[in-house]
Amino acid sequence: MKNSTTISISSDPNTDIACRTIDKKERSLLRKVIDRIADRCRSRSLFILHYCTGCGAIELPPTITSRFDSERLGIQPMVTPRQADILLITGYLSVKTLKRVILSYEQMQGPKYVIGMGSCTINGGMYWNSYATIKRLQEYMPVDLYIAGCMPRPEAIQEGFLQLMDKIDKGQANAWETYYQNYDAYLGNQQALFGPNWHTPTDVIAEAQHYNFLTEKSIGQHTALLAKFASEYVTQPIPNKVLSQEEAVE
Amino acid sequence: MSEQLPSVLESVFREIPNLAFEEKGARRLRVKLRADTLPALLELLKGRAGYLHLSAISCVDWPTLNEFELVYHLWSYEIKTLISAHIYIPKVPGRYVSVYDIYTPAAFFERDIHEMFGVYFDGSPDMEPFILTEWEGPPPMLKSFSTVDYVEKTFKWQDYSPLVND
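Residue numbers (my numbering), protein chains in the order written: chain H, 1 to 250; chain B, 1001 to 1166.
Hints in this document: simulated from the structure, not taken from any laboratory. Treat the numbers as computed from the prediction; the structure is a model and nothing was measured. Glycine included, each C-beta is placed from N, C-alpha and C at the ideal position. One or more hints might be untrue.
What the hints assert, rightly or not - Pairwise CB distance ranges (calculated):
#, chain 1, residue 1, chain 2, residue 2, range
1, B, 1004, H, 150, 23 to 31 Å
2, H, 177, B, 1141, 36 to 44 Å
3, B, 1071, H, 230, 50 to 58 Å
Claimed, not checked - Reference listing, derived: stretches of chain H covered by chain B, where coverage requires no fewer than 3 residues with Cβ under 8 Å from a Cβ of chain B:
#, region
4, 85 to 91
5, 113 to 126
From just these sequences and the hints, can you work out the full model?
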């Protein structure tokens, strides 16, 4: 039996071949160029999730169809959250709908962008004194862009799309990362509305680890409540702190 | 159009004690009666005058009264006249009898009123929450429920607030 000799690169996956600790923020020039190209391509091909919550949905047919034709910008509707890039919150969002929106949002693949459309998503709008609608969308999910208006006309929506494309192109539309980085705070706001038994089938903490976005704020007192819903599908053990490399191996 | 009341309606109204009606306009009749006589009125209207269509039941929470006002809107395709039957029921205990056995669509309206005002209808097939399945507060359409207070307690505002602070 032949002895297989393996070249030991490093036992720690966070070091490179020269045993130098990799700074995750640091990127090589080549990587930066690739990212720049990828961002540019990404901004030219965006799919909106076909999910409408309020009266603002009525402005989308003209935006998407022939008159204003957002496909000129590379933006078109998509039927499933798993294939969509943009989640458009069109108008007022009731607490009951918010649950469904969060479920959809968590199923979307990163990078994903949220646009709050209309005054209702900003500060409640004309439903500011309603018991049934939420007031600030950004408490429950990170929002890249708000489009003010009641309702914003298709021109305003197009303008918003252009701004979002510009942000993506420049690599600034990174709000989705904060959902993973501050998951505990977002979950806390959701639990304040839905009660302590609120949980989603998506394993957000495992995704945060996968994307390398896990921070100290990702887990905390609110995510600790999720432990009782861990199952064979949701594998996350919900630790109270970020595990070090040795602890994770154990 | 000021017409004589159709004779069939007149015969129905004569059978109900303490009934008062008012012509609010062409083809619109406002009927006020005692709460315990309403099922009899509906039964008679359906049987004699062709009132097959219960288009809505509405509930009014008068803040100055200790009673809910229930309004039953009925339409006849034969006489082509809308009847709004108004009754008053005490807010405590807030129970009334279901008219589901006369008009099946009543189940939906009664369920809605139970959800929004807390009125319980005896004999209605389903009194479970309908739209507000995840709501645990008081019935939200009651005048005693202050939505502004609830919103102030539950939600936060942006840096500016729509509430005018004097």
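For this session: Please flag the earlier hints that this structure goes against, numbers listed from lowest up.
Result: Those not satisfied are hints 1 and 4.
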